[in-house]
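Taking the hints into account, I'd like the entire structure generated from these sequences.
Here is what each chain is made of, one letter per residue.
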Amino acid sequence: MQDLDDNALMLKVKNGDLDKLGLLYERHKKRLFGFFYNLGNAPSESEDMVQNVFMRILKYRKSYTGEGLFAAWMFRMARNVNYDHHGRSSKNRSLEMVDPDTVRLEREEGDDHLDKKENTQQLNRALSLLPTEKREVLVLSKLRELKFRELAEILGCSEGAAKVRVHRALNDLRKIYIQLETV
Amino acid sequence: MNEEQFEVKVMDYLADVMTVDERAAFETILKSDETYNQKYKALLKSWNSMQNMNAPEPSESMDEAFYGMLDLALEKTKLKQRPNRLFDGLRTILKPQWALGVVLLALGVAIGYWINTEDTPDSVVLTESSNEAQEIRQKLVLTLLEQPSANQRLQGVSEANKIGSADEIVIKALLQTLNHDANVNVRLAAIESLTHYVDQPKVRQGLVQAIPNQESPILQITLANLMVALQEKSSIEPFRQLLKEKQLDTTVQKKIRTSIESII
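Chain order of the listed sequences is A and B. So that you can map any letter, position 24 of the first sequence is 24 in full-length UniProt numbering, and since no number is skipped, the others follow by simple counting. So that you can map any letter, position 204 of the second sequence is 204 in full-length UniProt numbering, and since no number is skipped, the others follow by simple counting.
These are calculated hints, taken from the structure and not from any lab test. Quick reminder that beta carbons are idealized off the backbone N, C-alpha and C, glycines included. Do not rely on the hints blindly, as some may be mistaken.
[What the hints assert, rightly or not] Straight-line C-alpha distance at most 25 Å; calculated DSS-like pairs for lysine-lysine:
(1) B:K244 to A:K20
(2) B:K45 to B:K78
(3) B:K39 to A:K134
(4) B:K254 to A:K29
[Stated by the list, open to error] Take a look, some chain B residues computed to stay more than 12 Å from chain A by CB distance:
(5) A24
(6) E57
(7) T250
[What the hints assert, rightly or not] Quick list of the computed label-pair ranges, beta carbon to beta carbon:
(8) B:S149 to A:Y83: 47 to 55 Å
(9) A:K175 to B:D33: 17 to 25 Å
(10) B:T258 to A:K175: 49 to 57 Å
(11) A:Y60 to B:A110: 53 to 61 Å
(12) A:S63 to B:T258: 33 to 41 Å
(13) A:L11 to B:D33: 19 to 27 Å
(14) A:K175 to B:E215: 54 to 62 Å
(15) A:L11 to B:E168: 43 to 51 Å
(16) B:E168 to A:N80: 29 to 37 Å
Take a look at the structure:
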């Protein structure tokens with residue numbers, strides 16, 4: 001239902017009712033921010049990139065057809081913003097910019113918390129060593145609101161292919177994770 | 001089941017999108033085939049760790065940057081639309097009602113001129129005919145403001161702008177438009193028109209009293225900007241009342257808070 005509403009809102013934005021972009025922003029800002037952040041960008045960079053996505057939505061609003069999901073269209077732009085930010089040439093680079101120590105965890109200290117923190121740091125390190133495309137697939141699949149059908153639309157492939165891509169990316173992540181544990 | 005089929009099915013299983021029967025069938029496969037079971041368990045660990053991945057909350061400056069960008073875009077769009085409004089206005093003038101209005105205006109001026117030509121000094125004739133024209137225009141404004149079409153009401157407000165010094169009735173009509181018109185654009189135009197008369201205490205008071213009646217964020221922000229420009233201290237209380245409304249837009253809330261601070 002929300003997706004239908006999103007599409008209707010975006011069509012209004014397309015027809016000049018720019019105020020409606022504020023509603024779309026409120027609905028999607030957190031998961032877009034989470035997408036960029038989990039891809040290994042610093043919080044301030046992630047915020048800038050969210051801003052860039054909405055600037056692009058505004059700039060290319062006339063090209064929005066209303067076919068397919070708004071979220072898929074938005075995340076395709078988000079992927080481009082991320083590529084542009086880091087340079088398309090380094091599309092398959094291993095990410096080295098993530099400094100796990102900068103990961104903000106604001107909960108109280110405790111054993112469980114320390115374990116969790118270590119796991120998160122290890123996961124971030126493993127993720128940073130995955131090629132960008134695989135990292136994107138995993139981060140997008142983690143967004144619980146996105147179904148495989150929607151993920152497929154974002155990636156521009158069939159639903160089955162999207163599942164296979166997530167599966168293989170998870171496998172690669174596991175292998176890197178194990179390697180890091182044994183180092 | 002080949003490898004790729006397993007990859008698809010295990011993802012459906014993990015994402016919990018299988019039907020009860022499909023789930024049961026897949027669990028049977030996992031129980032009977034140790035290789036697949038091992039693969040599933042290994043994958044489950046990575047899947048769960050991904051699901052536990054968190055992100056901090058974005059800061060308020062992200063919102064500020066976005067709404068700043070949106071305001072700028074809205075202003076640009078308004079500027080682009082201005083020439084179109086002019087053409088719209090011209091088109092409206094060509095409508096029969098308008099033609100009739102113009103004829104009546106011309107007739108009124110002509111009659112006034114004819115009646116007062118004899119034994120009247122030239123300057124008095126000019127003043128009286130211009131007064132009559134003014135009166136006709138004021139009546140036109142009042143009539144147009146009562147029309148059901150928003151376009152015509154907008155035209156009414158624009159006619160009011162042409163009156164050098166609107167009388168109390170026109171000002172009252174404009175304030176009534178600001179408070180009760182169903183169309184946001186007409187209300188916005190009424191504010192613009194009333195800004196010509198902000199030197200009158202009644203107008204300032206009317207604008208302040210209109211604050212609680214506005215639900216549109218654009219109108220709320222426009223009034224906030226105007227009150228800051230006027231440094232109208234009496235507007236602080238209505239703005240504070242507005243802030244108490246639960247459904248008030250977050251941008252408007254911020255704008256009103258900064259406006260109150262600037263006025264104080």
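Checked hints:
| no. | hint | in the structure |
| --- | --- | --- |
| 1 | B:K244 to A:K20 | 24 Å, holds |
| 2 | B:K45 to B:K78 | 54 Å, violated |
| 3 | B:K39 to A:K134 | 19 Å, holds |
| 4 | B:K254 to A:K29 | 19 Å, holds |
| 5 | A24 | 20 Å, holds |
| 6 | E57 | 8 Å, violated |
| 7 | T250 | 8 Å, violated |
| 8 | B:S149 to A:Y83: 47 to 55 Å | 50 Å, holds |
| 9 | A:K175 to B:D33: 17 to 25 Å | 22 Å, holds |
| 10 | B:T258 to A:K175: 49 to 57 Å | 53 Å, holds |
| 11 | A:Y60 to B:A110: 53 to 61 Å | 57 Å, holds |
| 12 | A:S63 to B:T258: 33 to 41 Å | 36 Å, holds |
| 13 | A:L11 to B:D33: 19 to 27 Å | 49 Å, violated |
| 14 | A:K175 to B:E215: 54 to 62 Å | 57 Å, holds |
| 15 | A:L11 to B:E168: 43 to 51 Å | 45 Å, holds |
| 16 | B:E168 to A:N80: 29 to 37 Å | 59 Å, violated |
In this structure, the earlier hints numbered 2, 6, 7, 13 and 16 are contradicted, and the remaining ones agree with it.
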